[in-house]
Amino acid sequence: MPRRQDIRFLLNDRHVTLSGVGAGDMLLDHLRLDQRLRGTKEGCAEGDCGACTVLVGRVGADGLVYEPVNACIRPLASCDGCHVVTVEHLRGHDGALHPVQQAMVDHHASQCGFCTPGFVMALYALWMNNPHPSETDLERALQGNLCRCTGYAPIMRAGLAMGGYGTTDPLLTERAQVAQTLRSWQDGARVDVAKAGSRAILPANADDLASVLAEYPDARIIAGATDVGLWVTKFLRDLPLAVFIGHLDDLRAIDETDDALHLGALVSYTQAHMPLSTHFPHLARYWDRIAGWQVRAMGTLGGNIANGSPIGDTPPPFIALGARLVLRHGDARRDIALEDYFLDYGKQDLRAGEFVETIILPKAMPNTLHAAYKISKRRDEDISAVAAGFALTVEGGTITSARLAFGGMAATPKRASHAEAALTGQPFTMASLQRAADALPQDFTPLSDMRASSEYRMRAAQNLFTRFWLDANGTPATLEDAT
Amino acid sequence: MKDADRIHGAAHESHIHDSAIKHVTGRAEYTDDITEPAGCLHAYIGTAGIAHGHITALDLDAVRAAPGVVAVLTADDIPGRNDISPNGLDDEPVFTSDLVQFFGQPVFAVVAETRDLARRACQLAKIDYAPLPHACDIDAAEGADYPDVTAPLTLERGQVGPALNSAPHRIQGRLRVGGQDHMYLEGQIALAIPGEDDEIALFASTQHPSEAQHMVAHTLGVPANAVVVNVRRMGGGFGGKETQMNLFCVIAALAAKKLGRAVKLRPDRDQDMEITGKRHDFRIDYDLGFDDQGRILAVDGVFAARCGWSSDLSGPVTDRALFHADNAYFYPAVRLQSRPIKTNTVSNTAFRGFGGPQGVIAAERMIEEIAYALGRDPLEIRRANFYRDGADITPYHQTVEDNILSRLVDELEQSSDYQTRRRAVLDWNARGGPIRKGIALTPVKFGISFTATWFNQAGALVHVYNDGSIHLNHGGTEMGQGLYTKVAQVVAEAFQVDISRIKITKTTTEKVPNTSATAASSGTDLNGMAALDACTRIKARLVEFAAAHWNVPRETVQFLPGRVTMGAQTVSFDELIKAAYMARVQLSSTGFYKTPEIHWDRAAGKGQPFYYFAYGAACSEVSVDTLTGETRVDRADVLHDVGRSLNPALDLGQVEGAFVQGMGWLTSEELVWEGAGRLRTHAPSTYKIPLASDRPRIFNVRLADWSENVKPTIKRSKAVGEPPFMLPISVFEAIGMAVASLADYRICPRLDAPATPERVLMAAERLRAST
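Note that the protein sequences, when read in sequence, are chains A and B.
Just so you know, the first sequence maps onto residues 1 to 483 in the working numbering.
Just so you know, the second sequence maps onto residues 1001 to 1771 in the working numbering.
Please note that the accuracy of each hint is not assured.
[What the hints assert, rightly or not] Which chain A residues face chain B? A few, computed with CB under 10 Å, are given here:
| id | residue |
| --- | --- |
| 1 | 1 |
| 2 | 2 |
| 3 | 3 |
| 4 | 4 |
| 5 | 5 |
| 6 | 88 |
| 7 | 94 |
| 8 | 116 |
| 9 | 139 |
| 10 | 141 |
| 11 | 153 |
| 12 | 154 |
| 13 | 156 |
| 14 | 173 |
| 15 | 459 |
[To be verified] Where chain A lies over chain B, by a calculated footprint (3+ residues, C-beta under 8 Å):
| id | region |
| --- | --- |
| 16 | 1211–1219 |
| 17 | 1263–1277 |
| 18 | 1296–1305 |
Since the hints were made in silico from the structure, they are not lab data.
Since this is a predicted model, take the numbers as computed values, not measurements.
Using N, Cα and C, we set each Cβ at its ideal position, and we do this for glycine too.
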């Protein structure tokens, strides 16, 4: 297998080749400090405010696709083979504003202007595929961008109008050339770069990843970097050796069998949205409340599970669905129930050199009622206080199976076994659900922290049983349903 | 007049923000974007890890030895005074060397070759402490007999005790209102560049360049004339850069002078939030008397505020809370007392509204109390208590002379269809179910002027170059509010030239000295008038010149769009300027303004602290999920008074932005300190400001276009920065109504702010349990 000791990417209209790159070097610092492109701003350095939004284009199975990412937590090494587009690239060669920019100006959509380049880039990413978005489309696209001045109203007006400003666009003009360049760089090489005692390896493919991990079992695996990125930017943790896997298309496949969906570990939240909402309609709304667009584009299902967080968004609904994980070490694979992966706080059933390869979601069984709930201080782009997945099989009015999984209620995502037991074999009635809710304190003793108190978590989680009953009976019981 | 004969960017025109194109293209330069001088070093602050106690040992050897470290600064490295108290109370050391008063207090600074190396080196400090008991909130501080950080204020009129005793109805209650982080998208930052002798120049994100100048001067031990502070724009301020940036300016300056190299200091978001002050949270106790018609007879209120470890601006902030504890209502007998209590937390500071919102929300809570007690629509109670003829004296003895609230509220009631929608809300709730609705229409009256009377002054400097182009400078700072644009419109209007002829220049203490903070919503009122004064002076010289040169009476000289006429003669503006230059006419002038009429006797609690009032009203409808406590604002209608707007588009932007920011304060923005006194919500991952999807689903915001300031302010406009921040109290009250429906509106829900899902659910459970 070929090896390469540098990374190369397109930055706007320039080729960039870098050899001295550490695993913790972030794209934003490279842009601002090394390239002196200062239109991209740092607002939080944790992927929450979107002021650093840039587009990253990759050539994959679907051709050249651009997605918005947070440059602050996007490792520079992971940009190998990509096209990085910053706000400086948007203006036409004749100096004319891009349609998105002109719409923002005309609608008075900037005040202090610091968040503005990030909003422009997020809107631009939307404009490319959806120049005439609805308000809902816009809100979803802007979940990862904070503005403290405008109250968003003029930005929304600009977004609604941006489709009426023509189609002049640099990336449209350059598209074929860029795709050709990026394709020409796909050399099937393992990339191995380092700087100041921090080494980054980008395996050539999944098999190469298995070999790299077998050789370096202590290496830190980094997929979307939406969590590990913060270890660097917030906690200044060193990364002596990191293996970047976000580019591995062979771990990004979504396969459907007769009875299950097989999702590669690197399937992003964005990529998962369509297949999940098709097979599990109850996940559509839940999915829209995971992070912001940038993080949904960067973050992966495998990463969300593998890091073992007690407040990850995907484990509760996935456990309720009966998800299984395929873990791989070298050429050996094992298959475990998702709930068994989480052993304790910060402790998972993952051996040295092993990695999450596939998530298997069994298709919904007949007669099964599903629900997924998330409760957070702010509706969107917030970490849940409580997340829950419900799956109740009801046959002839009797609950024959109950899978209830909660996040934010314990040190790990966990099933509510007492509550499940209170339901199984019982008639499907509010009284049964109430008994299950009453059993919940036997399952959980939640923590109090800045997101919510223990009392609130328990009470809100118990009330979800009422919500489930109302949902199942078609009573409008959510804010979205009430008009 | 036809369009061709109008200038672009005249006063009252919705001209775009002067930097709008630079904003969207990423070319607007913020302090961190300025090209650093060669050899620029980077500083970072090392902070204390306890809330209260003494430092017993400070070992910085490992910090000094860390890679890239050039110097470490402590209190010993300050050649002048180790104090940056903005009010001269000498209670705010730059670095502490002994007593730690809050978790995160600066102890030292590292200067290194890169910011990353400086940050890493900071972590290597070894600090030993002898901890003392700490008190981080109002109750704990009161229990521990903590002092006030500054003298409290009492406002009193009439005999409140007897009036309460004889009132047909009396209610005592308590309202807690949370603080708020500014969460400006651009964090604090300062770049200091040393000059020759004692000179130093700073570029900083500051609302108050003159104060930064003075703080740098006295910490360096040099006169103010040695220090220049510059700011072209900020990425948001909201009050958070009025005094809080002094620390960063001073440390960067100390390092730059000590090392003879440029030094930049930019804390990360977490340190920014851990070190800098926020909106004061309040605990408000009220004792309220009223009659059967819901008319207020007496109010006795105590406003305790978490001020933090030093006085900073807590005195004027708590004063302003009292000044607004009447909001729009006449209190026949009243006593209002502030309690600016010290705590072991960041020193709370200015934030849009400056205590006013905490006063207004107390007034509105009292209205709610009356409405629930009497079973009436709160809007009726409001109207019954509005200031009116014969009942127009405020608790601080100023007469309300310009009241337009009745008209505003009537119009909004109609345009928002309040009555019909309120009935629909009541019907919805009557059907039961977990989703409840609420609606509320609340007014705002906000006093305009700094209550520190001497701050109500401003200067400007206008040059007309001999090609007819104009250079504009004034003491106000641009933080996104559009001040630079509005003042440029005033100048364009004065000279009758297109706004594009006016170069808007950065605020600098070199051009206009002794400026006041751009704060208290006063920026345009003060600086617009100062700039107009400068223009008027230049124009007077031009008129005198033209009259003599063309031999016409002065009164025939007229400035028309792009030209000047002298009777039958017409010359272009540029030709006039060229001719005036050749005739040796001075084409540059300073301008000055001080607000007339105002005075304030704090000891007596009497005076006319405000030049005028700005008014507004909002009607908000919400849905509340009573199973989880989550809320959604379904619709908000706003009618707001900005007098005769200098720029309706920019003013509308201020109103919309303030509304959503105020919604955040009252709903999702929650500051949480853990037991040991450490702030746990110190970044957007844990501190949740509103998103686009949180804005009202339907959001109708209008300016009261018929309004005109009765006072001769700049073009009869009114201040707009702060007043609309209080409009979303209507959201808070509507949430309360939705919750109150669970007990058939018989009980005032007494929600505390912010109304997070947790507070709302717990209130809902409380009311459910009461039935």
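Okay, the hints, checked on the actual structure:
A least Cβ separation of about 34 Å between residue 1 of chain A and chain B goes past the 10 Å threshold, and the interface hint is therefore violated. The criterion of a C-beta within 10 Å of any C-beta in chain B is not met by residue 2 of chain A, whose closest approach is roughly 33 Å, and the hint is violated. Taking 10 Å as the C-beta contact cut-off toward chain B, the hint placing residue 3 of chain A at the interface is violated, the least distance being around 29 Å. Taking 10 Å as the C-beta cut-off, the interface hint given for residue 4 of chain A is violated, the closest approach to chain B being about 26 Å.
Look at residue 5 of chain A: its Cβ only gets to about 24 Å from chain B, farther than 10 Å, so that hint breaks. For residue 88 of chain A, the interface hint holds, since its Cβ comes within 10 Å of a Cβ in chain B; the closest pair sits about 6 Å apart. Restraint check, residue 94 of chain A versus chain B: the minimum CB separation of about 13 Å is more than 10 Å; hint violated. Restraint check, residue 116 of chain A versus chain B: the minimum CB separation of about 4 Å is within 10 Å; hint holds.
About 4 Å separates the beta-carbon of residue 139 of chain A from the nearest beta-carbon of chain B, less than 10 Å, and the hint is met. This hint holds: residue 141 of chain A has a C-beta 9 Å from the nearest C-beta of chain B, less than the 10 Å allowed. Taken as an interface hint, residue 153 of chain A checks out: its beta carbon lies about 5 Å from the nearest beta carbon of chain B, inside 10 Å. The restraint placing residue 154 of chain A at the interface with chain B holds, with a minimum CB-CB distance near 6 Å, inside the 10 Å limit.
Here the hint on residue 156 of chain A is kept, as its CB sits about 6 Å from the closest CB of chain B, short of 10 Å. For residue 173 of chain A, the interface hint is violated, the least distance from its beta-carbon to any beta-carbon of chain B being 18 Å, above 10 Å. The beta carbon of residue 459 of chain A comes within 6 Å of a beta carbon in chain B, closer than 10 Å, and the hint placing it at the interface holds. Counting residues of the region 1211–1219 of chain B whose CB falls under 8 Å from any CB of chain A gives 0; the rule of at least 3 is not met.
Remark: the region 1263–1277 of chain B is confirmed as covered by chain A, as 3 of its residues place a Cβ nearer than 8 Å to a Cβ of that chain, reaching the required three. For the region 1296–1305 of chain B, the stated coverage by chain A is not satisfied: 0 residues place a CB nearer than 8 Å to a CB of that chain, which falls below the threshold of 3.
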